[in-house]
Amino acid sequence: MALRSLFTREARWIRHNAGVLVLVLLVLPSLFAVSTVAFQQVIPRDTPVAVVPEGDAVTQDEIDAVRGVAAFFSRPHDYASRQAAERALTREEVYAVFVVPHGLFDEEASVTIEMVVEEEMVPYEQPSLAISSILSGQLRGTFPAETTVERTAIGTDRTLSEFLISVGTVLLTMVYAFVYLPRVVADEHRVFERIRVESSLWRLLTAKYAVFCPLVLVPVVAFQGIATSLDFQVRLLAPGALAAILLTFVSLSAVALGIMFLTRFGALGRMVNATLLFGTLAFSNLVYPAGFFSPMRRDIARLSPIHYATIVHRGTALKSNAPGLYADRYLLLAGFTLAALCFLAGSVVVFQRRA
Amino acid sequence: MAAIRFDNVVKRYGDVVALDGVDIEIQTGRCHCLLGTNGSGKTTLLRLLLGLTRPTEGAVVRSTATIGCSFQQPTFYPDLTVTENLDVFGSMVPPPDAQWRAELLDVLGLDRVATRAAGQLSGGWQQKLDLALAFLKRPTIAVLDEPLDDLDEPSKRRFQRFLADYPDDDHGLLLATHHVDEFAATVDHVTVLDRGRVRDDGPLTDAALARQRYLESTSE
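Chain order of the listed sequences is A and B.
One point on numbering: in this note's numbering, the residue at position 204 of the first sequence is 401, and numbering is uninterrupted.
One point on numbering: in this note's numbering, the residue at position 142 of the second sequence is 927, and numbering is uninterrupted.
No lab work stands behind these hints, which were simulated from the structure alone.
Quick reminder that beta carbons are idealized off the backbone N, C-alpha and C, glycines included.
Treat the hints with care, since some could be wrong.
[Unchecked claim] Quick list of simulated restraints, FRET-style, between CB atoms:
1) 905(B) / 436(A): 50 to 60 Å
2) 857(B) / 357(A): 50 to 60 Å
3) 857(B) / 214(A): 17 to 27 Å
4) 842(B) / 519(A): 34 to 44 Å
5) 934(B) / 407(A): 50 to 60 Å
6) 908(B) / 224(A): 50 to 60 Å
7) 214(A) / 805(B): 42 to 52 Å
8) 209(A) / 824(B): 21 to 31 Å
9) 795(B) / 381(A): 37 to 47 Å
[Unchecked claim] One-sided excerpt, in silico: chain A residues whose CB lies under 10 Å from chain B:
10) 212
11) 251
12) 384
13) 390
14) 393
15) 394
16) 399
17) 400
18) 402
19) 461
20) 550
21) 552
With the sequences and hints as input, model every part of the structure.
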């Protein structure tokens, strides 16, 4: 066969795979290029923090003054009480709490602004130390009173490894959901017609979920076994953590399978799922606090159900919090899961109608 | 007895009319042969009959008949062995009779490859497995699309005998083929499809006449 013939074959291949090629060679690189703007800086400047008065005597001017200072390196939010602020801290709505004392404008006074952070939020430990140190220097001379900043870490000290094992569990679940289960179902694509005659695709999917939901817990058990042997203080098998993993798996795999059905198990579907996997990994702020890199990333992360799944998992597995603390987030995850299953059901209907 | 009835069925794919006003009955007790050239609408008719697609107009009325099917492309789990495939599809209701299953395996000679992964079998063995799956439940109507294409001559002859014996008061066959001569001894009813329309539909015992009707449909 002449080289020209082979070039003709390549030209035909390009024509038949135009959609996939546009996605792989144009859309993905463009998205990657655009996404770099989300990494504007490496020092956190937009992480949400709470500003809360120490007591009733604290004036609004004092609160506003501390808010103004905090705004240099974070996005301050007002809370009425320390208890509410620390609850928000535990739920990762904020990553630090600034407790404003009374007397900032009193030349005779010597006051301390308390910066409360969580021990378990390991990636924020060094930034918070740097922030408290910088803040101490900046405040000297800013206020009439002699002002110092004291950093208080609440919770239990955790290592980065312990922190990452929780994140890793969610991450692995995402890979199973976006890659492994769709691959398994795609491999069975050839038998779908017989399944539809003898049984139904609904039953096939029910069987898949009945098998894969317990299976996806096997790596969690393995993670826990290794964590225990390494003396890590994590509770990956806590019911609340397992619920977060299962909701993550069911919702993401339903989205991924829905895409596979809509694209009739073609290469385009695999590429879309890979894009979604990497997009979710990059923009759900699984490791770093939301707002660590840029306001855009903070806003995107706050839209991602997986961001909340990670927070819930961290809260129950790493911080040993009661699942009830995250009731609204479980509800959000359940709602997302339901919506994803509806999407999957719709895509199966479309798949069958187009057949 | 009519197990499946097509009532004025029209099927369109966009602007393409695949079937146009088809009225036929598939009955038990006979071997019904569907003849037609490529693009005549045979596959569409089979897919409608199997419930894999829906008519644009008209209705496909199925009685309580159970349907078994063999596809043009063998359809089974390639990673499972022959026995495992039979077990999986056999476990879907209604469960097959053990004696019937044994008879079926004997006719098709599948015992020889029972423990081999289905996906690694040659084309002929894959077709035999597909045929076994079609008959596994001893369906009211067995629908077969070009069932003899990949079989060797001895296997063809054995399977032809099996097909000839299959129709009775409770069971029937629907064959889609280009090769009417291969089923001369089996077929007793023929529907000739031509560009989506029923050109001819009626009882037939004369294979030569069936062949002639088929050739007429291809010659215009």
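Against the structure, the hints come out as follows:
1. 905(B) / 436(A): 50 to 60 Å: Since residue 905(B) and residue 436(A) have Cβ atoms about 44 Å apart, the given range 50 to 60 Å is violated.
2. 857(B) / 357(A): 50 to 60 Å: Since residue 857(B) and residue 357(A) have Cβ atoms about 58 Å apart, the given range 50 to 60 Å holds.
3. 857(B) / 214(A): 17 to 27 Å: For residue 214(A) against residue 857(B), whose Cβ atoms are near 26 Å apart, the range 17 to 27 Å holds.
4. 842(B) / 519(A): 34 to 44 Å: 60 Å, violated
5. 934(B) / 407(A): 50 to 60 Å: Given a distance of about 37 Å, which is not inside 50 to 60 Å, the answer is violated.
6. 908(B) / 224(A): 50 to 60 Å: At roughly 40 Å between Cβ atoms, residue 224(A) and residue 908(B) fall outside 50 to 60 Å, so the hint is violated.
7. 214(A) / 805(B): 42 to 52 Å: 35 Å, violated
8. 209(A) / 824(B): 21 to 31 Å: At roughly 23 Å between Cβ atoms, residue 824(B) and residue 209(A) fall inside 21 to 31 Å, so the hint holds.
9. 795(B) / 381(A): 37 to 47 Å: 38 Å Cβ-Cβ, so the 37 to 47 Å window holds.
10. 212: 21 Å, violated
11. 251: At 66 Å from the nearest chain B Cβ, residue 251(A) fails the 10 Å test, so the hint is violated.
12. 384: 8 Å, holds
13. 390: 6 Å, holds
14. 393: Cβ of residue 393(A) sits 6 Å from chain B, so the hint holds.
15. 394: 5 Å, holds
16. 399: The hint is violated - residue 399(A) has no Cβ within 10 Å of chain B, the shortest such distance being about 14 Å.
17. 400: 9 Å, holds
18. 402: Result: violated, 15 Å to nearest chain B Cβ.
19. 461: Nearest chain B Cβ about 14 Å off; hint violated.
20. 550: Holds, because the Cβ-Cβ distance from residue 550(A) to chain B comes to roughly 7 Å (cut-off 10 Å).
21. 552: At about 6 Å, which falls below the 10 Å cut-off, the nearest Cβ of chain B leaves the hint on residue 552(A) intact, so it holds.
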